[in-house]
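First to last, the sequence lines map onto chains S and D.
Residue numbering for the first sequence follows the numbering used here, beginning at 22 and increasing consecutively.
Residue numbering for the second sequence follows the numbering used here, beginning at 178 and increasing consecutively.
These are computed hints drawn from the structure, not numbers from a lab.
Only a predicted model underlies this, so the values are computations on that prediction, with no experimental measurement involved.
Among the hints, erroneous ones may be present.
Covered stretches of chain D (chain S as the covering partner; in silico rule of three or more C-beta atoms under 8 Å from a C-beta of chain S) [said to hold, decoys possible]: (1) 181-188; (2) 195-208; (3) 217-225; (4) 239-245.
Each pair of labels, with its calculated beta carbon distance range [unchecked claim]: (5) S:K33 x D:G222: 37 to 47 Å; (6) D:E254 x S:Q54: 50 to 60 Å; (7) S:V498 x D:G222: 47 to 57 Å; (8) S:N170 x D:S179: 26 to 36 Å; (9) S:K297 x D:F221: 35 to 45 Å; (10) S:R542 x D:S179: 17 to 27 Å; (11) D:W244 x S:I557: 37 to 47 Å; (12) D:G217 x S:G281: 24 to 34 Å.
Below, simulated EDC-like cross-link-like pairs (lysine to aspartate or glutamate); rule was C-alpha separation at most 16 Å, straight line [said to hold, decoys possible]: (13) S:K60 x S:D204; (14) D:K219 x S:D268; (15) D:K251 x D:E186; (16) S:K286 x S:E419; (17) S:K304 x S:E275; (18) D:K187 x D:E255; (19) S:K60 x S:D396; (20) S:K286 x S:D411; (21) D:K180 x S:E613; (22) S:K387 x S:E419; (23) D:K180 x S:D612; (24) S:K125 x S:D308; (25) S:K541 x D:E182; (26) S:K609 x D:E182; (27) S:K541 x D:E186; (28) S:K255 x S:D377; (29) D:K219 x S:D308; (30) S:K387 x S:D377; (31) D:K187 x D:E254; (32) D:K180 x D:E255; (33) S:K541 x S:E613; (34) D:K187 x S:D612; (35) D:K187 x D:E250; (36) S:K541 x S:D604; (37) S:K620 x D:E260; (38) D:K180 x D:E254.
C-beta: ideal position from N, C-alpha, C; glycine also.
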Amino acid sequence: MIKGKFIDNLPKVYGIYTGGFLVFIILMAIAEQAGMSAKMIGIFFVAFTVFIYALIGYLSRTLQVDAYYVAGRQVPTVFNGMATAADWMSGASFVAMAGGIYFKGYGYMALLVGWTGGYVLVASLLAPYLRKFGCYTVPDFIGTRYGGNLARLSAVIVLTVASFTYVTAQINATGTIASVALDIPFNIAVYVGLASILMCSMLGGMRAVTWTQVAQYIVLIIAYLIPVFWISNKIGAGFFPHFMLADEVARIAELENQFGLGTIKNSAADLATVPKGLAGITKAHSDVNTTPWKFISLAVCMMAGTASLPHVMMRYFTTPSVKAARRSVGWSLFFIFLLYSSAPMLATLSKLSLMDPNLPTGIIGKSISDVQAIDWYQNWNQANLMFVSDFNGNGTLELNEFFMGGKAVVLATPEVAGLPYVISGLVAAGGMAAAMSTADGLVLAISNALSHDIYYKIINPKAETAKRLIVARVLLVIIGFAGATIAALEIQGILGSVIWAFDFAMSGLFFPLVLGVWWKRANAQGAVAGMLLGLISGTAYLVWVRNGGAGFWGVTQLTFGIVGSLVSLVSMIVVSLITKAPDSATQKMVDEVRIPSGKTVLGKQH
Amino acid sequence: MSKQEQHWEKTRNLLFVTLAIWFVFSIGIFFFATEMNASGIKPFGYPLTYWFTCQGSLGIFVILIFWFAGRQEKIDEEFGFTEREDD
Numbered sequence: 022m023i024k025g026k027f028i029d030n031l032p033k034v035y036g037i038y039t040g041g042f043l044v045f046i047i048l049m050a051i052a053e054q055a056g057m058s059a060k061m062i063g064i065f066f067v068a069f070t071v072f073i074y075a076l077i078g079y080l081s082r083t084l085q086v087d088a089y090y091v092a093g094r095q096v097p098t099v100f101n102g103m104a105t106a107a108d109w110m111s112g113a114s115f116v117a118m119a120g121g122i123y124f125k126g127y128g129y130m131a132l133l134v135g136w137t138g139g140y141v142l143v144a145s146l147l148a149p150y151l152r153k154f155g156c157y158t159v160p161d162f163i164g165t166r167y168g169g170n171l172a173r174l175s176a177v178i179v180l181t182v183a184s185f186t187y188v189t190a191q192i193n194a195t196g197t198i199a200s201v202a203l204d205i206p207f208n209i210a211v212y213v214g215l216a217s218i219l220m221c222s223m224l225g226g227m228r229a230v231t232w233t234q235v236a237q238y239i240v241l242i243i244a245y246l247i248p249v250f251w252i253s254n255k256i257g258a259g260f261f262p263h264f265m266l267a268d269e270v271a272r273i274a275e276l277e278n279q280f281g282l283g284t285i286k287n288s289a290a291d292l293a294t295v296p297k298g299l300a301g302i303t304k305a306h307s308d309v310n311t312t313p314w315k316f317i318s319l320a321v322c323m324m325a326g327t328a329s330l331p332h333v334m335m336r337y338f339t340t341p342s343v344k345a346a347r348r349s350v351g352w353s354l355f356f357i358f359l360l361y362s363s364a365p366m367l368a369t370l371s372k373l374s375l376m377d378p379n380l381p382t383g384i385i386g387k388s389i390s391d392v393q394a395i396d397w398y399q400n401w402n403q404a405n406l407m408f409v410s411d412f413n414g415n416g417t418l419e420l421n422e423f424f425m426g427g428k429a430v431v432l433a434t435p436e437v438a439g440l441p442y443v444i445s446g447l448v449a450a451g452g453m454a455a456a457m458s459t460a461d462g463l464v465l466a467i468s469n470a471l472s473h474d475i476y477y478k479i480i481n482p483k484a485e486t487a488k489r490l491i492v493a494r495v496l497l498v499i500i501g502f503a504g505a506t507i508a509a510l511e512i513q514g515i516l517g518s519v520i521w522a523f524d525f526a527m528s529g530l531f532f533p534l535v536l537g538v539w540w541k542r543a544n545a546q547g548a549v550a551g552m553l554l555g556l557i558s559g560t561a562y563l564v565w566v567r568n569g570g571a572g573f574w575g576v577t578q579l580t581f582g583i584v585g586s587l588v589s590l591v592s593m594i595v596v597s598l599i600t601k602a603p604d605s606a607t608q609k610m611v612d613e614v615r616i617p618s619g620k621t622v623l624g625k626q627h
Numbered sequence: 178m179s180k181q182e183q184h185w186e187k188t189r190n191l192l193f194v195t196l197a198i199w200f201v202f203s204i205g206i207f208f209f210a211t212e213m214n215a216s217g218i219k220p221f222g223y224p225l226t227y228w229f230t231c232q233g234s235l236g237i238f239v240i241l242i243f244w245f246a247g248r249q250e251k252i253d254e255e256f257g258f259t260e261r262e263d264d
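Just chain D, same shape as in the assembly (with noise of 0.2 Å):
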């Protein structure tokens, strides 16, 4: 396998792993949003799906993307593949 497709099966098994955590707190969870609500956890004390919508979900993503960057960067550096003139 050529140091390119090597590249590109991590980069795409990042994506899956990506994908996977953004479809539970996307979709997944709200599948359950009646017995989450009555589950009786109460972050901050809010409504357990309450939170999540307006708060959970968000806040999840907003660290995925930027651990998503983090782990893509590492990818490419380790082929060498970064790029030379950094900002």
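If we strip away everything but chain S, and leave its shape as in the complex, we get (with noise of 0.2 Å):
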């Protein structure tokens, strides 16, 4: 069916997925109207899409060390920016977000704007010069570039304590989502998630990732669309939501003033009953409802984040040239936006539905013995996302006495609007797919790290080939149980920890790269303290802020990179200047590294 190299044939390839994807989902369609069990639809989707990957993976082995590390730096353009879209939209993105914003409206906004400007960055500030340098890491670069042990070890060490952040979230959704469609306890169904991540990655190291990252984007694009466009549609608010919600968003401001938003409040003591990690709505839909300077924190923190975590960078290091990693960062946007742009309207959707009572979906206002009564209900009550309570007596639900888990807005929403349960075993299998591709990415970014930077750099430089990719698999697999063990023990919510990992990148590693390309006299010793201090004041400042501290200039324990950064900044700058500028081999490699045209800075095996 295919003939010649695997790289020309890619569109065939995935075209040929895609419709094979869709054609499984209108047969899994069939099976539910023939009588399959909601149960049984749900392991078949999880079960199917992870079996997919696991063959990519599996397909995509590789015994070279440039096809491990950067997949043989020939992972054409447009590709290369699904994969790396889907390498970004994490369990945060596609589980969590709209659920943010669906209870905190224009304040959690600021990660839509966040989470998009930052590639801004991505492709101005640092990713064509990376891929000129021709490094395997992040801190492959920082190492060469600065020179020293010390500097190479520094971003080791911040690298590792932002994607383990990161990565425990990761693990912890898909958990979550296979405890859910499979029926199994959460703490095994978190090594059931681990087990299908290093599946994908082990043999292929990044080549295996990249491939299996862009059939997780299709499938998770998929089933984040079909949901919006066809309730959009079932409820007559437009055929293509994205520009027709405007009724839709003015009849929620106008219910919301109708039900007493903001004006009746719960009391403590009703408050206390409410199962927890549940919310109601208390924050107006489309109203700017926060401080621009709470709003803008938020924002630059994850634009800085996004330019610093190397998860995100290193895939632009798989491109076959300097021109693709720059095109590549806008379809990598493109990729998101596709996304980021339909959470806003699934938000919506979700709530008019839940709100709006002149449609059959409604719920405000019924008695809530009816409400109890619902299917829907009791399973996502049982699931603990989901809770009614009569506080004040009246036996009618009411705005302020209903509540829901951030993740449930997502995974329940084609339930709540009626829609067949074939799509939420889809929406199941797409966050699956956008929980371990960030997975994914990060435990290869991590172990990479280690095995190239710490092992082969510092510890063994003569270390073969084999040995090499043999002590990375490894790595892998004990970093990934490593994160399974503490997602198991679920410290902190999913966008919560993920939001802090854009902070500790940010405050650890997004000076030292951005002037390692632009500033020539930055030196190691600079970039060594900016690097340290940076990550120590962030981290110092969540512990403080955490334990009961005040904080200043309005930074909280979601901004705390902007405490970190700017210590980083100084604190390179002023050590920079008062120590040795860089030898002129450094300086003739800055230039080497500012123009596209001749040969990587780094070999192509190092």
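Assemble the dimeric complex from its two separately framed chains, guided by the hints.
Here you go:
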């Protein structure tokens, strides 16, 4: 069926794959009509998609260093864009973001701006230059540009702290979905999620992760867009929701007034009866309900964090050229845009489905006992993600008496809106794809940094290829298990840990990376001071605020990267200026990096 | 000024323009969020600030990156720094 090189056949391969997946959805829909149980549909969706990813992972196995670390640097622009989008959009984007917007409105929409605006920084400040450098990992760039093992080691430390915080959240997300879809306890489901993640990355490293991520992107975007379009058409809101939901947004504002949002408050005693982790709507949907600084500081942290997260940056090491790296950033953002511009639409449709008494699905204003008798309410109540209680004792459900978990907004909306169960199964598969693809990228970023930068570059520079790749794989498994073990403890929610990861990365890596390209005078001492002092001060601020500290400048535990990165910038400049300028060889290397033509700074095999 | 210095100066100017546009739509306009929502300008019928956070700024970033990439390629070409083997 397919002749010639795999790379030349990519559009055909993924075209067939997409068609096959659509056929699978239709088959499941037919099976549902024929009486297949909801449980079986969920199991089929998750098991089938995970099996496909594992198969791709197996077929992409490799024994070559540059295939393992950078997919042989031959990933075409558009496909790298898709892979980056999957790498980027995690359980937080897919499962948690629409929920955040649903509950907090404008305040959390800073995430949309931050998680897209950061790509402008990636494209203009970093990606093309790091591609020209020819490194395998981000610490590889820091270590070579600044020179010395201390700089390399510091970069590995920051990378590990940020990526590890991030990966526990993703393994948590895979565990949540696997436990709901396969009906197994969460602390076992976490390891099932881990096993699927490792199957994709262990044998083929970056090459395998690239081709599974493209496959995962296709699943997750289909799974996100179908419910949005379907619900919009079903309730007659418009066939293209993104341009046609203005009336619905206005209607929500009207209903919020009618139901007394913001004027009727729950007493603390009433709220104490609500299960932990569930929330009601307390903020207006489309109003500006937060101070400019709060919005802007969160957006700034997410943007600078985007430009410092190693698992994103390393995707641009896999393109064939500098020019392709630049364009690939544009494609990445385009593919991300498709999902992000849909998230507020999903939040709108979800909220309206629940709130509007004119819709058959609306529950606000109905009697409490009627709501408690609804099938989907019972399911999600059992999963501890939905709760109603008659606080004022009038027998009907008020807006302030309905509570939901953040994850439920995406996962439960298809059911709430009365879509067939096959769509819920599809959404579960999409969430799994989103969390797995990001976890793969992160686990690989950490284990590559440890195997290439610590083991090969610092401990044993004479190691043979085979030995290096074995070390890389062993580390991959160890890090995966460590991540799963911590994920099973459930210390912080998905969205919270992800935001922390951005702040950690921004505190330690943003300025050392950017100044490495844009400021020739930056030297090793400055970079080490910038990375370590930035990370330490950011972490200290987080610990202080978490333990009841007042904070300053309105910087919260979600935006501590502002403090960390400022300390990093100042210390890096001061220390660089009071120590010796980099030697002429280093200066020449920076000049080399700044032009696209010519050889990469680091050789093909290093 | 050597060829390489001229190239870098143009590259840097392009960076400043790109970052200026980026700043306006990622940070600048959100200082005036309340005023924008109250302005009565309604793209596709949405309140203005709401529209910028869920579509406007995001779309502008996508276009901005492709525009930036195109301009940078022109600069590289002008000074003969384009890579030989392109995809």
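Hint-by-hint comparison with the structure:
With a threshold of 8 Å between beta carbons, the proposed coverage of the segment 181-188 of chain D by chain S holds, since 4 of its residues qualify and at least three are required. Counting residues of the segment 195-208 of chain D whose beta carbon lies closer than 8 Å to any beta carbon of chain S gives 8, which meets the minimum of three for the stated coverage. Coverage of the segment 217-225 of chain D by chain S holds in this model, with 5 residues showing a Cβ closer than 8 Å to a Cβ of that chain against a need of three. Closer than 8 Å: that is the beta-carbon criterion, and the segment 239-245 of chain D has 5 residues meeting it against chain S, so the requirement of 3 holds.
One distance hint, 37 to 47 Å for the beta-carbon pair S:K33 and D:G222, holds here, with the actual separation near 41 Å. Evaluation of the 50 to 60 Å hint for D:E254 and S:Q54 yields a pass: the beta carbon distance comes to about 58 Å. A hinted range of 47 to 57 Å for the beta carbons of S:V498 and D:G222 is consistent with their spacing of about 53 Å. In this structure, S:N170 and D:S179 meet the distance hint of 26 to 36 Å, their C-beta atoms being roughly 34 Å apart.
Hint check: S:K297 to D:F221, Cβ distance near 39 Å, so the stated range 35 to 45 Å holds. A hinted range of 17 to 27 Å holds for the C-beta pair S:R542 and D:S179, which are about 19 Å apart. At about 39 Å, the CB distance of D:W244 to S:I557 agrees with the hint of 37 to 47 Å. For the hinted restraint 24 to 34 Å between D:G217 and S:G281, the CB-CB distance of approximately 27 Å keeps it satisfied.
For the suggested pair S:K60 and S:D204, the alpha carbons sit about 8 Å apart, so the restraint of at most 16 Å is met. Simply put, D:K219 and S:D268 have alpha-carbon atoms about 12 Å apart, close enough for the 16 Å limit, and the pair holds. A distance of roughly 14 Å separates the Cα atoms of D:K251 and D:E186; the hinted pair therefore holds under the 16 Å criterion. Note on S:K286 and S:E419: the hinted pairing holds, with a Cα-Cα distance of about 11 Å set against a maximum of 16 Å.
Proximity of S:K304 to S:E275 is assessed by CA-CA distance (about 14 Å); at most 16 Å being required, the pair is judged to hold. Only pairs whose Cα atoms come within 16 Å are accepted, and D:K187 paired with D:E255 is accepted, the gap being roughly 10 Å. Proximity of S:K60 to S:D396 is assessed by CA-CA distance (about 14 Å); at most 16 Å being required, the pair is judged to hold. With a CA separation close to 14 Å, the supplied pair S:K286 and S:D411 stays within the 16 Å bound.
Between D:K180 and S:E613, the direct Cα distance comes to roughly 13 Å. Compliance with the 16 Å bound is thereby established for this hinted pair. Pair hint S:K387 plus S:E419 holds up; C-alpha atoms about 8 Å apart against a cutoff of 16 Å. Of the supplied pair hints, the one linking D:K180 and S:D612 holds, its CA atoms being roughly 12 Å apart against a limit of 16 Å. Between the alpha carbons of S:K125 and S:D308 the distance comes to roughly 10 Å, so the proposed pair stays at or under 16 Å and holds.
Pair hint S:K541 plus D:E182 holds up; C-alpha atoms about 13 Å apart against a cutoff of 16 Å. Simply put, S:K609 and D:E182 have alpha-carbon atoms about 13 Å apart, close enough for the 16 Å limit, and the pair holds. Between S:K541 and D:E186, the direct Cα distance comes to roughly 14 Å. Compliance with the 16 Å bound is thereby established for this hinted pair. For the given pair, S:K255 sits about 14 Å from S:D377 by alpha-carbon distance, which is consistent with the 16 Å threshold.
Proposed proximity of D:K219 and S:D308 is supported: the alpha carbons are some 14 Å apart, at most 16 Å. Restraint check for S:K387 and S:D377: satisfied, since their Cα atoms lie roughly 11 Å apart, inside the 16 Å limit. With a C-alpha separation of about 12 Å, the suggested pair D:K187 and D:E254 falls inside the 16 Å cut-off, and the hint holds. For the hint linking D:K180 to D:E255, the alpha-carbon distance of about 10 Å falls within 16 Å, and the restraint holds.
Among the hinted pairs, S:K541 with S:E613 is consistent with the structure: their alpha-carbon atoms are about 12 Å apart, no more than 16 Å. For a cut-off of 16 Å, the pair hint linking D:K187 to S:D612 stands: about 14 Å separates their Cα positions. In summary, the hint linking D:K187 to D:E250 is supported, as the alpha carbons are separated by about 12 Å, within the 16 Å threshold. Taking the CA atoms of S:K541 and S:D604, the gap is near 10 Å; set against the 16 Å cutoff, the hint holds.
Restraint check for S:K620 and D:E260: satisfied, since their Cα atoms lie roughly 9 Å apart, inside the 16 Å limit. At most 16 Å may separate the alpha-carbon atoms for a hinted pair to count; D:K180 and D:E254 meet this at roughly 12 Å.
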